[in-house]
Amino acid sequence: MMQSCKKPGCTDPNATNYNPSANTDDFSCEYDSASTFELIWEVNHMFRNDSFSYFTDFYDDSNNLIQFSRISMYVGKTQYAKNGVFNFSDEAYVLIKPDETQYNFGPIEDTSINNFQSLIGVDSITNHLDPAIYNSINPLSYQTPSMHWQMGTDPQNWSYLFLVMEGFVDMNQNSLFEAGEYFVYHIGGDEFLSTTNTINFNPTINSSNEFIIQLNIDWSKAINGINMSTDNFTHTMDNIPLAQNLVANCVNLIEAN
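Throughout the sequence shown, residue numbering follows this note's numbering, covering 1 to 257 in sequence.
There could be a bad hint or two in this list.
[To be verified] Distance windows between CB atoms, simulated: (1) Glu42 with Asn252: 14 to 22 angstroms; (2) Asp154 with Thr101: 33 to 41 angstroms; (3) Asn239 with Val85: 36 to 44 angstroms; (4) Asp32 with Asp61: 49 to 57 angstroms; (5) Glu30 with Ile205: 12 to 20 angstroms; (6) Pro20 with Asp123: 37 to 45 angstroms; (7) Gln102 with Tyr54: 12 to 20 angstroms; (8) Ile240 with Asn209: 31 to 39 angstroms; (9) Gln214 with His128: 32 to 40 angstroms; (10) Ile125 with Ser51: 35 to 43 angstroms; (11) Asn138 with Pro20: 34 to 42 angstroms; (12) Gly152 with Gly225: 28 to 36 angstroms.
Please keep in mind that the hints were generated in silico from the structure rather than gathered at the bench.
Just so it is clear, CB atoms sit at the ideal spot from N, CA and C, and this is done for glycine as well.
Let's have the full structure, built from the sequences with the hints guiding it.
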């Protein structure tokens with residue numbers, strides 16, 4: 001039986017040392033410093049099979065009528081790989097919100113990547129830095145509404161809010177949102193950091209040297225299995241089981257489009 005011969009080399013056509021006859025990438029690719037690409041996530045926000053929008057009627061898994069008024073989620077420190085073999089880490093963070101669809105992570109050179117994993121939340125070092133050190137356009141700077149708990153003077157007691165979800169829930173199922181019928185989910189703290197599943201993607205590169213990864217975020221997955229009429233409030237430590245459920249659900253939030 002004849003076996004195909006592996007020919008190692010650089011298999012990325014955008015590299016300066018691209019080898020068209022190579023059939024096995026040996027991670028030797030080199031790039032012209034002028035040949036950089038803007039790494040962009042294009043995100044389609046959904047709720048199950050519908051497009052997501054604020055103040056729109058949806059239903060949770062317990063058939064409670066709900067509306068969202070606010071969602072924000074930190075994602076970053078992404079590990080990019082080719083066929084599961086690590087290539088590089090992007091240290092940037094973005095603040096994902098359903099009313100924003102494009103997120104620029106800055107320049108990259110290696111365009112051979114085809115999968116990634118990302119933190120949901122902020123790593124345990126960055127999480128205890130002062131947001132005031134960042135330029136106002138940085139997602140890690142102070143936000144309005146706030147995405148940071150600054151409790152006391154010791155930074156070890158501080159934390160970014162990794163995930164915020166707020167809105168209304170029809171607790172008595174009379175098709176109305178009445179006084180007190182709301183939900184608030186604020187998740188933060190080092191032990192509530194999570195990592196996405198591995199996400200495989202097929203990027204596109206346009207004429208503007210933008211390396212685009214198209215993704216779906218289905219926000220219904222964040223509340224999977226949660227009865228929002230009874231589990232409607234957590235500031236993390238005051239309802240740890242609910243916080244843990246939300247964190248566990250979020251690893252499935254992001255998928256390739």
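Starting from the hint list further up, note which numbers the structure goes against and sort them upward.
-> 8
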